[in-house]
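Chains as they are written, first to last, in my numbering: chain A, 1 to 329; chain B, 1001 to 1320.
Derived by calculation from the structure, the hints in this document are not laboratory data. Treat the hints with care, as some may be off.
[Said to hold, decoys possible] Computed list of chain A residues with no C-beta within reach of chain B, every gap over 12 angstroms:
hint, residue
1, Phe27
2, Leu104
3, Phe111
4, Leu145
5, Lys146
6, Asp166
7, Glu204
8, Asp229
9, Arg279
10, Lys310
[What the hints assert, rightly or not] Chain B regions said to be covered by chain A (calculated; three or more residues, Cβ under 8 angstroms):
hint, segment
11, 1109-1115
12, 1273-1284
Glycine included, each C-beta is placed from N, C-alpha and C at the ideal position.
This is what each chain is made of:
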Amino acid sequence: MNMREITYRQALNEALAEELARDPNVFLMGEEVAEYKGAYKVSQGLLERFGPKRIIDTPISENGFAGLGVGAAMVGLRPIIEFMTFSFSFVAFDQVVNNAPNMLTMSGGQFNIPITFRGPNGPAHQLGATHSHATECLYANVPGLKVCTPATPRDAKGLLKTAVRDNNPVLVLESELLYSSKGMIEPAETELLIPLGEAEVKREGSDVTIVCYAQTVALALAVAEKLEDEDISAEVLDLRSIKPLDERAIYDSVAKTHRVVIVEQDRPFCGVGAEVCYRIQKNIFDQLDAPIGRVSQEDVPMPYNERLEKAVLPNAEKLIAAVKKACYA
Amino acid sequence: MQPAEQRDEVEMLWLMLLIRRFEERASQQYQAQKIGGFCHLYIGQEAVVTGAIAATRFDDYIITAYRDHAHALARGTSANACMAELFGKDTGCSRGLGGSMHFFDKEHHMYGGHAIVAAHVPLACGLAFACKYRSEDRVTLCFFGDGAINQGSFHEALNLAALFKLPVIFICENNLFAMGTSVERSTSLKQIIDRAEGYDIPSCVVDGMNFRHVRDTLSEVVESIRKDPHPAFVEARTYRYRGHSMSDPASYRTKEQLEQYRLDDPITRLRAQLTREGKLSNEKFDELDKEAKQIALESVKFAEQSDEPPLEKLYDYTYV
Chain A
1 MNMREITYRQ ALNEALAEEL ARDPNVFLMG EEVAEYKGAY KVSQGLLERF GPKRIIDTPI
61 SENGFAGLGV GAAMVGLRPI IEFMTFSFSF VAFDQVVNNA PNMLTMSGGQ FNIPITFRGP
121 NGPAHQLGAT HSHATECLYA NVPGLKVCTP ATPRDAKGLL KTAVRDNNPV LVLESELLYS
181 SKGMIEPAET ELLIPLGEAE VKREGSDVTI VCYAQTVALA LAVAEKLEDE DISAEVLDLR
241 SIKPLDERAI YDSVAKTHRV VIVEQDRPFC GVGAEVCYRI QKNIFDQLDA PIGRVSQEDV
301 PMPYNERLEK AVLPNAEKLI AAVKKACYA
Chain B
1001 MQPAEQRDEV EMLWLMLLIR RFEERASQQY QAQKIGGFCH LYIGQEAVVT GAIAATRFDD
1061 YIITAYRDHA HALARGTSAN ACMAELFGKD TGCSRGLGGS MHFFDKEHHM YGGHAIVAAH
1121 VPLACGLAFA CKYRSEDRVT LCFFGDGAIN QGSFHEALNL AALFKLPVIF ICENNLFAMG
1181 TSVERSTSLK QIIDRAEGYD IPSCVVDGMN FRHVRDTLSE VVESIRKDPH PAFVEARTYR
1241 YRGHSMSDPA SYRTKEQLEQ YRLDDPITRL RAQLTREGKL SNEKFDELDK EAKQIALESV
1301 KFAEQSDEPP LEKLYDYTYV
């Protein structure tokens, strides 16, 4: 197969176009998705190809259009709702956490909600406290929601396409910092579907497992590369989905390396890493040769100042220190 | 499919009686602690939903807030399924998983039963959006109380409905109180329909205690929407005889006010109209009432005898 190189942005665009072409029930709605082509140009060309009936600009009204999507999904449409950033999804929090995931239970199984909420998530660059939220731990806490966090163009395309076809509400948490990143992917005509709840070993190793997702995958790979020089062989496990969580893949890797460091883009308190850490110690405690390490954001609202922002975020230095500690190196 | 506007007025009177007798039983069962959680009764407001149903087709969509028993019954959900839901039983319209505030019935196009004030108003836009998307001529009826009109989601939904020209009728059941707070104390408007004007949505006021007025006004609105999809706003002026919920003694209003409204009772009024016109005898009315009482009573028996949702299915409704 002739693999080709495309950007994360192009990969998402391909996924949207393919799903829109495949199923007339699919439509894309959000702020600036149509005429502006997406705040991050993810929906470039879609208005021209699919028309204003299916590529729909909304006013700045997150609760309103997220709720409209949930209502349309109740009668079988398959909305893709774009949040310009997931930091804005809080304005629609009630629709995302109260209406979308509860409907199936509240109706005794009568109404499933096949909706996709997507957009950039997590800190970008000097956007300050209101625009830098990593929301994965909040949404993964809600039964009825599925949450995925693609880190590469290939995963972005495969996961988004799967999300659109899922019959439950799925959040596809993209990343502003990744939109222009490049990666290898199957030819356009190949149907690429990546199941939710399937992690991927992005790099094999034998001494320590670095569990990561989204923005921290590239960081983990770079750190693993560096550690090679110091004779530490790090395995990089990309969760890809936060919920459902691929516990099997985590345990398999830990059973091989016996040491774990989790590096996450969200906050430490009740963050994704806290849950992963709990499950590892609960289920395969005997396999561990060292306490589980964890690198996350600092527990503060995001400062604007560049130097302080860097201090809040996970970085190579912090991750290397955590890995070395786990390896007693 | 029979257009509801052709449905017999005597049948609609019976429906109002059924709603009232059902809720009287529900009230009694709540006091007997057979029903848990919150329970909001509709008694007094029956003409609103009944009139609206009489003006629409069976395949039109309906969605409402948490005072929802009447809306399900009016739509055709059986009293048995409604009472069983209140009892939390597997035979309930939401399999005992929704409760009083979350009645759903897909078969009868009843889309809930929503308990966060005004959170369902955007959902109504979605239902109407789907109809327009599929070029169907269905109308969506979205009911809510006067308390909903100060919530952000209400405003966002009205703007979207107007912007996208969605075939939805926003029906504000103004019973004068949002829980215990009167409209005067909650809303910075002289009249509620001014909210609609703010979004360039055509609006009107109906006497929510008068079945015929509700039906006839809604029929005109529905007809206009079917011809050319657009939103509309109807304020139905009505009154609930009971408190906000079962635990509310309603001390924020006077006995005199309640008595005043009782004189205007929607069931008494339609009965008088039909009797005057020679369409209903006293014997026939008594028969209808007896039947409604019997159905309500039997629904309690049905609910009592029904099974609870099986414990082993606890995880079956989180994902499909």
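Hint-by-hint comparison with the structure:
Distance to chain B contradicts Phe27 of chain A as a non-interface residue, since its nearest Cβ pair spans about 7 angstroms, not more than 12 angstroms. The Cβ of Leu104 of chain A does not lie farther than 12 angstroms from every Cβ of chain B; its closest approach is about 5 angstroms, which violates its non-interface assignment. Taking the minimum C-beta to C-beta distance to chain B, about 6 angstroms, the non-interface status of Phe111 of chain A is violated against the 12 angstroms cut. Remark: the non-interface label on Leu145 of chain A conflicts with the geometry, its nearest Cβ contact in chain B lying 9 angstroms away (cut-off 12 angstroms).
Lys146 of chain A, annotated as away from the interface, has a beta carbon of chain B within 12 angstroms; the closest lies near 8 angstroms. In this structure Asp166 of chain A is not separated from chain B by more than 12 angstroms, as the shortest Cβ-Cβ distance comes to only about 9 angstroms. Listed as a non-interface residue, Glu204 of chain A keeps its Cβ farther than 12 angstroms from every Cβ of chain B; the least gap is roughly 32 angstroms. No beta-carbon of chain B comes within 12 angstroms of the beta-carbon of Asp229 of chain A; the shortest separation is about 45 angstroms.
Interface exclusion of Arg279 of chain A from chain B stands, the closest Cβ pair being 18 angstroms apart, more than 12 angstroms. Chain B leaves Lys310 of chain A outside its interface by the beta-carbon criterion, the shortest separation being 36 angstroms against a cut-off of 12 angstroms. Counting residues of the segment 1109-1115 of chain B whose beta-carbon sits less than 8 angstroms from any beta-carbon of chain A gives 4, enough to reach three: the coverage restraint holds. Only residues whose beta carbon comes within less than 8 angstroms of a beta carbon in chain A count, and the segment 1273-1284 of chain B has 0; fewer than three means the coverage is violated.
Violated hints for the displayed structure, listed by number in ascending order: 1, 2, 3, 4, 5, 6, 12.
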